[in-house]
Amino acid sequence: MQRYTDVICSFCGTLCDDIEVVVEDNKIVDVKHACRIGTAKFLASNDYEHRLLKPMVRKNGKLVEVSLDEAIEEAARILKDATKPLLYGWSSTSCEAHSVGVELAEELGGVIDNTTTVCHGPSVLAIHDAGYISCTLGEVKNRADLIIYWGANPMHGHPRHLSRYSIFPRGYFRERGQQDRELIVIDVRKTDTAKIANKFIKVNYGEDYELISALRKVVNGGELREESVAGVPREEIIALAEKMKNAQFGVLFFGMGLTQSYGRHRNIDNAINLVRDLNAHTKFVIMAMRGHYNVTGFNEVLSWQAGFPYAVDFGRGYAWYNPGETTANDVLQRGECDAALIIASDPVSHFPRKSIEHLARIPFIAIDIHPTPTTQLADVVIPSAIAGIEVEGTAYRMDAVPLRLRKVKEPPEGVLSDVEILRRILARVRGEEALTAKAEVAK
Amino acid sequence: MEITLITGRTVAQGEAMEKGKIGEGFTKACAVIELDPEDMSKLGAYEGDEVRVKTDSGEVVVVAKKSSSAPHPGVAFIPMGPWANVIVGGDTESTGMPPFKGTKAEITLAKGERVLSAAELVAQIYTKDKE
Amino acid sequence: MSGLILKNGYVYDPLNGIKGEKMDICIENGKIVEEVSDAKVIDCSGKVVMPGGVEIHSHLAGGKVNVGRMLRPEDHLKNVYPKTKLTRAANGYSTPSTFLTGYLYAKLGYTTAFTAALPPLMARHTHEELHDIPMLDKGALTLMGNNWFIMRYLKRGDVELAAAFVAWLLKAVKGYAIKVVNPGGGEAWGWGRDVRSLDDPVPHFDITPREIISGLVKVNEMLALPHSIHLHANNLGRVGNFATTLETMQVPNGTKPARERQVLQLTHAQFHSYGGDSWKNFASEAESIAKAVNSNENVIIDIGQVVFGDTTTMTADGPMEYYLSSLTGLKWANKNIELETSPGVTPFVYSKRSPVSAVQWAVGLELALHINDAWKVLLTTDHPNGAPFFKYPTIIAWLMSSKYREETMKEVHSAAQKNTTLATIDREYDFYEIATITRAGQAKSLGIQETKGHLGVGADADVAVYDINPEEIDPSRDYKLIEEKFARTSYTIKGGEIVVKDGEIVKVVQGKTLYIDARVDESLEREVMRDIDYYFKRFYSVNLANYPVQEVYLTNPTPVQIDATNVR
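Protein chains in written order, with my numbering: chain A, 6 to 448; chain B, 309 to 439; chain C, 12 to 579.
These are computed hints drawn from the structure, not numbers from a lab.
Each hint can be trusted.
Partial list, computed: chain A residues near chain B (C-beta under 8 Å):
1) 45
2) 127
3) 265
Cut-off 27 Å, straight-line C-alpha distance, at most; resulting in silico cross-link-like pairs (BS3-like, lysine-lysine):
4) 359/A <-> 436/B
5) 491/C <-> 363/C
6) 67/A <-> 436/B
7) 207/A <-> 350/B
8) 327/B <-> 32/A
9) 436/B <-> 64/A
10) 362/B <-> 359/A
11) 182/C <-> 412/A
12) 37/A <-> 548/C
13) 548/C <-> 412/A
14) 374/B <-> 200/A
FRET-style restraints, in silico, Cβ to Cβ:
15) 204/C <-> 362/B: 50 to 58 Å
16) 419/A <-> 520/C: 33 to 41 Å
17) 331/B <-> 251/A: 49 to 57 Å
18) 515/C <-> 436/A: 22 to 30 Å
19) 251/A <-> 577/C: 50 to 58 Å
20) 217/C <-> 244/A: 30 to 38 Å
Keep in mind it's a predicted model, so treat the numbers as computed, not measured.
In this text, a Cβ means the ideal position worked out from N, Cα and C, and glycines have one as well.
With the hints as constraints, model all of the structure from the sequences given.
Right, dumping it as structure tokens:
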């Protein structure tokens, strides 16, 4: 029996790094400190019946088991034959895999995009326009006395966010924890997070932008004439604005309630500017509640290697970036890509039908840890080891703090890491011999 | 009845997803629609009834559930997953982001109709036509 | 690896006192050697040969640089290079992609570069980016001027524990030197405040910037680290800040350096040499700062020269970035980092028509020209704050030609004429002095002069060959030629291999990563570890076990061993 401490949970952007895992005979038998979803992820790694274990290639319309070499060969052929392949997913694997992915996209002249495209893509667009006034989560823990979640429901999406970083923990300047802080939730529904808040403000669907503008008006000393804005009475808006101005350290966490609703990046742009306005009065910061555990890491790697955080098209030989054109859903819906590689993601479940109708038509490769609706439609399926459980690597928390993922058990026999699979595909795309010892040493 | 459809993560969805998307748990967690209780009585639906949700993009049968986040009349929630996404609108309006929250949908009763599993749903809707 | 002979070049090697003598440089196994038998001969006649350039202060890599990239996609539509067989697709102007950063430095003849500000909690990120910067040996100056542990120890007068903590931190984050940015101001920014003088107390910590600086100077000399403390003083960019700067230079008075180097490097001094009392009468005080440097044995500066154009400012000085963005109204990014520091980023345009920009441009050159001893001046632009680093050739040309300065002066706002002394200066740098401020002096300041910054036997074979014939070219007159030739080497040799030929990359190599591995007394270490453990459990958002950076992140990890067991 082996006990591992300080293990990092590779589920959500909270990236809890205090997990204890007990392993016996290469099986995880106990998980401590993780949330329900995290625990499920650790324990599910044992469940080989529901894991992908064998590579498969579609032959005569059916996926049949093949050798790994054959699957790699077929994957490389599909990608090489394509004019414009789409390389999508990435948010649930390591930065080391991202790095090989960027190199592969560059080699192929393809489009590379990650799940940012369907979560905080609009936030990235807003950052391009307005900036980003933020901090690390420990700053929130040590200093924040006013915590706002807007269009975010961490009780479901980031179950330990509240207890590790925001409302519950004791901090250096907040010795009494929750008693020293106030929690406000703004949402269209009274979510489970709203239920534990000191105050819940219900905003009409699609009118977040208006509410942010009203708050900015009050913060900047303007007079609010409307009886109510976005379904929120004037007095409540004025009270909230005053509370924000008078906080010692305020933080606005926002989620997909803002990025995916009407207004999209405009909502975030306005919210960032609200926080900027507040900085004339006090300390205030804003932070995106990033979903997948390493969605942030992909943005980092692509930015330092290619200059842009997501949705990069290498078709010209250099990085071209134009969200709305080079983003995965747009590339799919225009029918522009003629092959795809999907890794560590399940777009067939999570993309709109219009996008998937095209994906189903083109040849594509799926690399994943277990069967999904995406592997069901794929032409090549390659099983992979779980980063953060079966392989080491790097991941970036939602506040861009980078951590080293740990390995606590061996992957199923014959199953390689994403990094290894991608390197082998890249080598074959380049026409190099199947991976040599030299390439092995390269990293 | 017309509603605004929003989609997103739930703990149950996340947990079921990590256990594998083939099992029944995934269907139980995601093939549901959380409705405002008043909307439910207007519709004549009870907890556990099948309903059909139809948008410009398509339709899907899911199970009605009384929302624990009510009141939010006119707004309904389906956890992210294939059931939600076969009916979510596609147009990103050149932002890259499809309207995962805010697709207009029509709900009707579909008592007794079968709720498809993820695999069945995918097989029914998407065809792999090899050129 | 077979040898190389660089034949017949005009060699400028200030650390060995060689001033343009015609001689051969022999290379074998990555080192400069006395002689070599089996060697490829490169004809360097009519060319200048210098040690590979050494960069001491450039925002090369890390979270802040990447925030700059994310903030400014427009920056990456400029300076675009498609993929080649040898090189990766690359882009970016003020925040070049990692690959481009390496390629561009190599083309300038640089072979070593230190990133200016590593925030410890984000160190892994900095190293991931450094990993992806080819062509250079690397290191990271580590931010400590607002660190809670250090402020608490120094307040209590526990210099030994502070030293033990610094030793632990450098090893944990694989850092190279003590960087201090707006001491105390970074912590105050946690509450949206700043400190404005050396004696302003830091909120809640009851310590002053003066105490932080003098404490860290003591720590640095106690540990006898290769580099001195590297200080970004308080009040950067503020009107009339020269008074604070002059006072700051006096803080380490009486300190004896533990090595043959300065006690304090005042970084990007240009941004700290301003007079006047409002933006309307903004003026240069470079001459007073230069005088103080001339008469102070403990202090050297790097310039932080401004070159006109668009750039991205980035610093761990959070309040300053907020202040700057409030002046310009441009987009602003900020990132307070728990217990450690608070960086910010905002775009900026240095305009020839702006009186302030014109004065800033002149101030940097004045500093370089008024400070008599070239060993006390290091060429930097505080990349990308004053300008991107690849503008160095322009600055070199300005320093070598008073005529070029005059020409530029005609194009810029008259404030440069009226509010600075630049127009009155005739001094022109020679090649020897240029070699001093771009490689020898930088290596000496960093304490790597045994292997870097010179061409004596035993040095690393890092060499730059420029297509300049000093007997034919008169830099004073041919300044455009100087600008052009320093921008692309004939040859850059890194670790004995030709990596650039005629301004093009011919080989991509991975450099070393230097970091400090200082050993302190065991009981002292135990004591400091108890504190570290206590603080991590309570106040950090990551567990102590997940904080240190593993060696796997470093290219060719090269620890510099320091025995500091006598500290107690």
